[in-house]
Amino acid sequence: MANLKPFHSFHISAQAKQIIEIQEIAQLQQQWALAQAQDLPVVMLGEGSNVLFLQDFNGVVLLNRLLGKEHTEDPDYHYLHVAGGENWHHLVQWSLQQGIYGLENLALIPGCVGSAPIQNIGAYGVEFKNLCAYVDVLDLAKGEIFRLRNRQCEFAYRDSVFKHQYKQGYVIVAVGLTLRKNWQPRLHYGKLREFDENTVTAQQVFDTVCEMRRSKLPDPAQLGNAGSFFKNPIVSNTHFRALIGEYPDMPHFQQLNGDIKLAAGWLIEQCGLKGYQVGGASVHQQQALVIVNHADASASDVVELAHHIRQKVAQRFAVWLQPEVRFIGANGEVDSEQLIS
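Here the sequence shown stands for residues 1 to 341, numbered as in the UniProt record's numbering.
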């Protein structure tokens, strides 16, 4: 058995039969075939920044370490082809150094490039889907790589086809990004609003985003966590109108279809849950959306705490929070929402 603790950001003790770093696509196919022959479950991890291992894993954990970046351009756009094992934040830094702008709002989001499409990562007014041209996917059963264009990825809020149709037996090996040379800053959130869009630089946006994230989100290297534990809930306009009458200061964001996105962290905070503890797990003092491993927490501590948070928010606001973090059981991913219900 191999210890998973160093390979996921919650840093909760769990074991796997094997942990293997994957550096070539051929190696990935070979290791998957070996696991299949032994009837062992397989989980593919990037940097483990969005997972919770509920118990020891009865199979093989493959770590995506596929590396490489290619840059081409035309008069209007930069085109990046990036391997799935590249670190996302390092890609943002690299692009900035190359004078390629557009990724800076997504700075400091943990994880690998190959994980970005799965969650459709987003922050400060930008989502992965706004920049993605295509995603290259390996069909492990056929041993073939196919390309999905942006529309085929069915991107939605923290969702994509990679959580559904292409969830099992498929691995994202690379992504394609398209970035305008005529850079348009996105300055709609937090301290970014203080800048003048005509004079602000991409470096200033990057620095400010990093500052905002560091001020409210704990560093997993210092305090185990998986970032935002819950998705920001989306409610109907009717439901929202009932809530805003009682809570006029409630943060909210209008969606294109008329629904309203609420801030899960604010809902949790209003329930008085900042700092609330179950065993070694607690709600972070600065950002209520984050559950932290502050004292050698067990997975059951985290699950029990998440259940408590969900119940309290539902009782007060009639809103049922959904986990953003993936739950991995003994034989693979399990339904996280069902587990904390």
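Don't take every hint at face value.
With a Cα cut of at most 30 Å, we get these calculated DSBU-like pairs of lysine-lysine [unchecked claim]: (1) LYS163 to LYS216; (2) LYS216 to LYS312; (3) LYS129 to LYS17; (4) LYS191 to LYS5; (5) LYS274 to LYS69; (6) LYS274 to LYS261.
Because the hints were derived from the structure by calculation, they are not lab data.
Each hint, compared with the structure:
1. LYS163 to LYS216: holds (28 Å)
2. LYS216 to LYS312: With a Cα-Cα distance of about 23 Å, the restraint between LYS216 and LYS312 holds, given a limit of 30 Å.
3. LYS129 to LYS17: At roughly 35 Å apart (the allowed maximum being 30 Å), LYS17 and LYS129 break the hint.
4. LYS191 to LYS5: violated (35 Å)
5. LYS274 to LYS69: Distance of about 41 Å is beyond 30 Å: violated.
6. LYS274 to LYS261: holds (21 Å)
In terms of the numbered hints stated before, the structure departs from hints 3, 4, 5, listed from lowest to highest.
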